[in-house]
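Take each chain as given, in its own frame, and dock them per the hints.
Residue numbers (numbering that gives the first Met the number 0), protein chains in the order written: chain A, 0 to 1123; chain B, 0 to 342.
Calculated from the structure, these hints are not laboratory results.
Quick caveat: nothing in here was measured; it's all calculated off a predicted structure.
No incorrect hints appear here.
Only pairs whose alpha carbons sit at most 30 Å apart, straight line, appear in this in silico DSSO-like list of lysine-lysine: (1) B:LYS189 to B:LYS97; (2) B:LYS180 to B:LYS110; (3) B:LYS281 to A:LYS951; (4) A:LYS199 to A:LYS472; (5) B:LYS21 to A:LYS118; (6) B:LYS18 to A:LYS165; (7) B:LYS322 to A:LYS1078; (8) A:LYS62 to A:LYS150; (9) A:LYS296 to A:LYS71; (10) A:LYS289 to B:LYS18; (11) B:LYS97 to B:LYS180; (12) B:LYS34 to A:LYS1078; (13) B:LYS189 to A:LYS951; (14) B:LYS18 to A:LYS391; (15) A:LYS580 to A:LYS568; (16) B:LYS180 to B:LYS293; (17) B:LYS34 to A:LYS391; (18) A:LYS127 to B:LYS21; (19) B:LYS195 to B:LYS110; (20) A:LYS391 to B:LYS21.
Residue-level listing of the chains:
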Amino acid sequence: MAGGERKRRRRKLQLSKLFTLSSAKACFKPAHSQIGRTGFSRVVYCNQPESADYCDNYVRTTKYTLASFLPKSLFEQFRRVANFYFLVVGILSFTPLAPYTAVSAIVPLTFVILATMVKEGVEDWRRKQQDIEVNGRNVGVHQGNGHFDLKEWKTLRVGDILKVEKNDFFPADLVLLSSSYEDAVCYVETMNLDGETNLKLKQGLEVTMSLREEVDFRDFDAFIKCEDPNANLYSFVGTMELKGEKHPLSPQQLLLRGSKLRNTDYIYGAVIFTGPDTKVVQNSTEPPSKRSMIERKMDKIIYLMFLMVVSLAFLGAILFGITTREDYQNGVMTRWYLKPDDSTVFFDPQRAPLAAVCHFLSALMLNSYFIPISLYVSIEIVKVLQSIFINKDIHMYYEEADKPALARTSNLNEELGQVGTVLSDKTGTLTCNSMEFVKCSIAGRAYGRGVTEVEMAVGNGIEYAVAAEPVVKGFNFRDERIMNGNWVKERDADVIQKFLRLLAVCHTVIPEVNEDTGKISYEAESPDEAAFVIAARELGFEFFIRTQTTVSVRELDVATGGRVERMYKVLNVLEFSSARKRMSVIVRDEDGKLLLLCKGADSVMFERLSGSGRDYEEETRDHVNEYADAGLRTLILAYRELDENEYEVFTERISEAKSSVSADREALIDEVTEKIEKDLVLLGATAVEDKLQNGVPDCIDKLAQAGIKIWVLTGDKMETAINIGFACSLLRRDMKQIIINLETPEIQQLEKSGEKDVIAEALKENVLRQITNGKVTRLVKTGSGQTTLAIGDGANDVGMLQEADIGVGISGVEGMQAVMSSDIAIAQFRYLERLLLVHGHWCYRRISKMICYFFYKNITFGFTLFLYEAYTSFSTTPAYNDWYLSLYSVLFSSLPVICLGIFDQDVSARFCLKFPVLYQEGVQNLLFSWRRILSWMFHGFCSAIIIFFLCKTTLESQAFNHQGKPAGRDIFGGTMYTCVVWVVSLQMVLTISYFTVIQHLVVWGSVVVWYLFLTVYGSMPPRVSTDAYMVFLEALAPSPAYWITTLFVVMATMMPYFIFSAVQMQFFPMSHGTIKLLKYEDQCNDPGELELVRQASVRPALVGFTARIEAIKRSVMRSRQTGP
Amino acid sequence: MPSNTASSSSAPAGSSKSKRPKYSKFTQQELPACKPILTPGWVILTFLVISVIFIPLGVVSLFASQDVVEIVDRYDNDCVPTPARANKVAYIQGGSDKSCNRTLVVPKKMKQPIYVYYQLENFYQNHRRYVKSRSDSQLRSVKDENQIDACKPEDDVNGKPIVPCGLIAWSLFNDTYALSKNNQPLTVNKRGIAWKSDREHKFGKNVFPKNFQEGNITGGGRLDANKSLSEQEDLIVWMRTAALPTFRKLYGKIESDLEKGDTIHVTLLNNYNTYSFDGKKKLVLSTTSWLGGKNDFLGIAYLTVGGICFFLALVFTIMYLVKPRRLGDPTYLSWNRVPGGGR
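Chain B with its partners taken away, still in its complex shape (with noise of 0.2 Å):
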């Protein structure tokens, strides 16, 4: 025994290497590092920041929110006439004159520019096969107008390939507005309604519309054969899928200023059929502020969550005040409180 003690020890020590790991901060756990502890000092700090960012956010956002003007018809009700409504669907799948008149009022000074949107509600354009179904190469290039293999079933009329296919393009808006102030027509620009990104490099210059809606069941609108589709601002628009089952769409811009109590109306052709599925069609024109259009939640959502903060910051301090406690109190070490410490 005492030889191999021998023996094992001076072995390394004849080795010029030592196995002794090099000391440096790194390895040896021992890094500067700030290490932060939730003090009552902190708690009640963070939340009074919380607070003071946080309330005067929300005011600024209401006010945003409430400047802007919002005037919304719903009119795929109204727009049935009443012998119709009894069978809707027949009606909006029948030849009948679809045409339609709204009033509406403007209630506050609209600034411009005004917003049209039409909003469709219980319309699921996020549903997967709906999504799925069309060809981005082929609406990029002609040359690629033979991709049309995720548009199924809207792919080819008679073998000729469908531009712009699938069930997006051919499930497109067709109601339309025209709208009047005091018998005066209101030009609605439908020039740069869609994202500038869409227009220049996912639809192309030079890509007509071919053979569209001539398949055995019509969808929805039409295109117009002779503008490219980068031209084709409603489609774009319509293309680029809505996240949740209620969405609007833009469909144009009102470039002039609408005082308040001005009348305005809408002849409308109601064409298009969301009878079947029981949704809502809408006619919405609106100004946006800043912070985009009308929307209270955020708002009050920050003026909620900064009052919070206050009222706790509120209470931590008064509970500082009135309880003094030594923070790291010795008792909840002690190894009573430690469940099963017994044992």
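With the rest of the complex left out, here is chain A (with noise of 0.2 Å):
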């Protein structure tokens, strides 16, 4: 390895010089004259660093400051409606409008701001001090006199010359001056600016290419003018001042901040943006913020909420003016015992409307228990809580590069449950862009044991062998027939001989040798052609020197059965373009015979062949249809001898041809090759597979199965792309293709193949030619409304990811750039089944079932107090004691919501897979729909409804005990409000589905916490407690009374409820809840019942491998019955 990678180096240094001397020119462009003009006004004064200018190198990528956190952090809480409404509303409270004191209303809103400031602040502390490490990060600067001293990155200032080790990232944007190579070039990996993976090439100006050793800076004077700081990171202009004379600078000498050193020793630059200015900094945009569909509704809800709350509080104060205009008219007084005479302005009879006016402001203030003031902070908890589960999930684990999940932001949980489209990219998420030959078809007989992955899966539970790995990296191929030379005594061994001579001579590889061990690698355009040459090494025709026009092999001879080596002059190529489909070359051989050898696809091979070399056509054909329906690339091979008059002809039209200057110069060279590539002999076929990840096709038949499209955007080839389809098992044989091409100037290919044969509008599974990722995913968003799911692993996904509702980045090997843009990262493709189906569904159900049960407790609680407010001439008067009002969402019923948020499970992980239906819920958005959503509020109006009135009821004024007192106002309060409690909790535990001893603490728990805090809160004095004082122990707990209300009023709330749940589950159940029957009913031990079960539960798929053994099933069927 070592070895090579030395060898390797050396190769590249050589075409460096190559490239050097071609194109590295220094020159003057007209850009350069604007230096010193606006734009381009930046000096630096190399070797003499000056601050004063310019900023220092210190990155900061934290949100706050410690200044700035308090005001920021706080304008952010109340840019949110809600929170802004409680603001107003603690304000207000103070004034004498309030029907509560004013510390109730701010208690509840300084827990809510101080929970997320705190959570701000951890999350922002935890950027802070990534931040130290990397400004805190070493590297050597000149300090004068020639020597340099190791100085933290932050400490750089503009100006500063730098030495930067092979494998640093670069402190800042630097001006290349010399390197360790002679010519002043360094290699620089841009991954983590462009993702690209392939190493650029720097290089300084030749002025300063002799400044190589640190001394040399002692004396090191120049003078740089360039551009202002720019977001550009592509361009570049300045100037150089060394010694009087000009020298122009482009981005061939700017080495960027974030990119790496590679494969140089070092080198010497100055420092010319710092910190804030440098590109990457500058180019750095918020990623865009992604809110979920939930998310976004709820909003909506909030606002109907304030809607509701404002028009109970506008109805409450017309009804309120009235009565008051009533106390006192004509100077007569009714309700002599309110003073109406002697009145301030809010309770004012003369002055009315304006009462009504305040007792509007009033109701607001008292309507606010309808609105959830814990709601954001609980479902943030709960979202973080989520992601941490994400992040250890260890199925979710790759145990091969020790990489979990990774949920970057914790916005978009439940949006994991409702995707209804998942967009993919190819190479590197679906594929290992690897290629391994694994079958051929020779004269009509198919060799090659292998199993491709698509089998596999198809076969899950036949009983495989561990398929081994192949040994050697890109063959995959085991048949004893021909390997180790057994082909000879095959019985076309001529054929096989012709075809793997075609395989070593046919394509346009470069083999490489290695020095130390003599082993040859192979350097290939596509690693297809890799593979084919491999295979044929492999099997014993070893191709291992190519020059400028032969090709040596080393193959077997036949007759000795010894190693000889060959030489074929390569007289041509015919290269291979997507509209020819193939590729040639001709050769001679060293018995002089001419020969054209030609591989291409089956489309456009079997045409060519001639009368007589179709022997074997037939065979061949279902041979290629077989693989190609094992999702392999196939290819055809065949040959022809050519007569040098033919060839004669054939070379003169060809120069012409290529020497021709018209338009239609490639239209002549396809004629003329078109003329040469026709009368062919079949010999065979080749399938190659491109190596999928692992699990991919599983994965797709499941996520199929629960109804998710699947896209898959590539840039590959048109046929490349639709064999990853087949090989994913994304496309069928017996499916018909629908194929577009748009022709754009840049000949676009779009290309989407349907299905028909079942249910015309039924999800179209769609293979895409890229246009842009980004703008394909736009379309598709705003073209089928769903919530669409974006998975890639490079770069140039990056559009992909952002634009799509969830970005998800395969933390592979591609760099970080996509992982960076990405809302989760996970290691495999084949995670976003558990992803999805366990975690998606899930946290969709819990946010969203949270996000009802909210609304239900909320309305539950402000609705009583409407009620009671109703019974008191609207006059505001609050039904309970302040304390219990601002508590309530604190700490009587926040928990086990949000336990319900982290917790709740309606199946086992296992189920989720098992039953993809389940998945359907979120993409239908079944949980929360606006009817649910309503009913559910609904549900909360009932509840208080029964509540309110069942209390009054009971406790109207009779005697509330046994020593004949009747109930106040405070007796009353309090009963209603335990009932309120229990009833909360009560529903909860109907809507928990998944009962751990958190939830049982939690629950059972508020409920104590309650008649805790009465009991507790009552003893204190009077002064404190105010009418709750001793209410619980004295007036309270010793009635029976209260005791049988609590007990009445709660069972007969819950009764509805639970009333529709158990019909519901008996006639109407969702598909979860017929699956915890199921489980529950032991169905699911029997596997062949199982089975039964599950196959209605899945999705009638179109695609994936049960679709295709499906198909396969279908195609027998029908060959039976016609057959007879």
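Now the structure itself:
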């Protein structure tokens, strides 16, 4: 490995020299004339760092600083409508308008705000730690007199001369002065900037090339003028003044922060942009903040609640105005005990309209309990914890790369449960981008016992022997008939020989011999070409030298049985193009025979066979179809012997065509090649597997069964795209392919193959020629109106990831760019299944249930207040003590609902995966439809009405206890509040479907906490507890009426919902309900039965290997029917 | 590419710390849990249990309520002399004699203690202006007698603070009842009618009424300036505001039994003005049970809900027996049933 590495580098170095000579001529361009004008005003004195004019090199990624934290985070908080409303309420509560004391309004708000601020602070603190780490890295800086000392990144100033070592990141934007190479080149890896993995070559100016030692910088003095900081990574304009001479600077000399020095021992550079001025920082845009569908809908619900609050307040205000006006009319007082003749503005009958307006404000405050103040903060807490669960999921941990899943944002957890369309990048996401030679068909006989992944997936459970990892990369072919030279004994040995020779000769691969081991590796344009050559090598035809005109192959001599080296003169290479779909070479072998060797797609090859060359056509066709169905890429191999005359004519014509300058030059060449690539003799076919990532077909199958549509976006050739479609089981052969070609100037092709044989409007599986991923994503998003998830691994997928509702990055090998712009990163495509079907489903359920429940509980509470207020002639007297009011959302009902959001599971992960139908609950948004939300709200109103009126009737005016004392406001409030706490807790019990110790603790805990609070608060001196003083100990607890009323009211309130759920479970169960019942009935232990049940639950998918098996079954049935 | 893979996969192997999440039942969300499902069995059982609990409770509650003997006498109308009935407000505000005689017949034997209540209707003791118009600190201790901000407009008289201040105290109920049985006066004990906590902690033992009802308009009752507030139980009872516009307040208790057929004469002073706002006044004599006063609602409601539950249990059982259906019917999972599942 090390040797190979060295070898390769040497070769690259040579290339770089070529490159240097050809193009790196420094020259002034028109842009350089702008230096010194606006936009190009930066002045850098190299080696004389000045910090005065420009900022330091500290890069801050934190949202807040110590000083700005308070105001900025508070501002962020109160930008939310609900929080702002509560702030206004809080402020108003200091005025006499308030129906309760100011503290009780401020406490919950403060609690909520503080909780959110702590969360923000912790998150920012983590970013700060990262910043400190990055800014504290060391780099060698010139300190004068040719001494370089290590200094921290953050201390760098514009004008510093740095020495950056191999594999280090550049700490700022530098101008390259010199490097360890003589010609001042260096290699730079820009993966973090643009995601491209190839190394980029940079070269310093000729005048600075000689500064190769530290001491050389003692007297170095240069003066750089350049453009101002900007975000363009690929442009740079500047001049360097050295010894009175001006030299132009271009991007060729610019080393950007964030990129890495590779393959170069060290470089020297001058700092020109620091910290926030660097291009990478300038270029960093806030990633678009995404909000989930549920959250957007939640905002609407909040507005609806506002509307309700306002209208209830309005109604109350009118009625209050009317009753108040009647209190004092024409000098006659009615309710004299209110002293209406000597009243404040709030209750003044003579100014009834004004009083009504004031009342409206008070009512707004009283009704604020309709709006769940802790909703936002609870959801945030819940989501963070959900993300932790995602991160900690051991089933999504990729052992080999040591990468667990990583939820980078927690806003989108529930959106994972609603994905309708998955847009997937191909290379690196679905496939490993490595090809394996698996099968071939020679002379009509199929060879190769390797098992493809698709076959493995299809044969799931049929016990294939564990597919051993191929010994040779790119070669997964096993067949003793032709391996190890056994092919000689086969029937058509001569055909096999030709076949293998063709593989070894017909390509454009360059061999690279490792000097130490003598092993040959190949560099090919595409991995499938390499696979062919490797296959040829493994089967005994080792291609080892390519010169400009020859190809040398070591092959088995049939006659002697020994190895001979043969050289083939390559006369012409007729290259591959997606229009031609084939490539050929014309060679002259050692015997002087002229051969045209050709390989190409079956669609073009079969028609080019000669009449006599079609011996094995039928068998080969069958095999090719079989291979294609197994998801392999197939190529037809054929050859032809040319006679000299024909070839002469051809060479003449081709050179003529090539030298023509007319526009139809290409067409001319095509025409010529067309003429010679005919009358071919069929040899056979090859099948190459584009190695899929682990578990991809299985995952796609599951996703398809869950009714998720899958699009593959790829920049591949159309055939490749179709092939990969087959390989992933996205396409089947009996599907009708719709191919759309978009004839835009760039001739972009949009290929779409859909399914017509079952339901026309069924899901469309598409393989798309890439336009720009981002654009397609937007198209899909707007076109289908569904939640889209994009998954990709490279920098080219960034657009797609950011545009989609959810971007999932593969934290694989192609750099971090995709991960950095993703919302969730997983290590392998197959984890998508678990991410969506399990975590997505759970999170969706949890959040939607949680929000519904939140509104339910607050409506239940708030509406009892309103009803009571109606019995106080709308004077906004709260039914409960101030502290009961303020602690409801915070203490007595918050934890259970948070637990619901974090822990609830309808069915276990195993069943989520087994019954993909469950996922549709999210896609169709069954759990968060307006109908469902409104029914929950309605349920809340009903509960409130039942609670209030039952309490009111039972506690009417008669004695409340044995001592004959009737119930006052305190007792009434205490009893009703107890009922509310019980009811919302029991409702929680009915809502939760997963009871662990935590749930029990929290739900029953809330009730216990209420009683405890009542006791403790009531025992405080009356100065503190006001009208709650001793209410529980003295009045409520000793009175059987209290307990018996609570029991009755609570049970009666729960009854309608309980009946509803019982009936629903019996007669109209939702999917999760049925599955729970199934599990309960133990039907899931019998595998046969289970499969039967499962079948019913599976989306009759049109894609995936399950569908493929079905299709095969169908076709077999058909043939049987038509057969006899 | 290949070298890249190698480096990225070998790097973490070299570092000792793996990022592998630690397995725990909690983080893997596999905590042991019970997952309640509403199977028919459970539903029927729940309904049965509820009805089994509720029906007896209903019976007991109903009996308790039935045991209570209650005499309610509305007198606000009758106690205004016929000629004055045209303008009752003028009558009540006038200076004429307000005494009035009522006769009550005991329908059933009433065991002592018999509680005497006055019941007001359409009286909004829960009005916010009213509820807030008090000063708790002033009631508690003498030194806080100047804390009268909340009491406006009944806060002071000529600059001197009123104790107890506020609208509640000012509008103290002041009808009085003198009861007699067979011309023998019945003692109405007025001690212990207020909650103990109120007497001992909310109304000070050394706080005495001051400047009370000395403003230009007298609201309701007056207080004995020589009795401390904690002894003024009528006031304490009155100041514990009622929840609803119809309410009873304890007036006192009779600590002797009343036999069936006893006639009780009540001589009452009809002082309190409920005529302005069409409020009703009632005199109530009632015994109590363990459940409190007479209210059949709770018992009936318990019986009703219990009955319904029993009925539902029956219905579900019958349905279960007549048409037994596989619970986890997979047809319910079919895609066709999911709305829009075909798309």
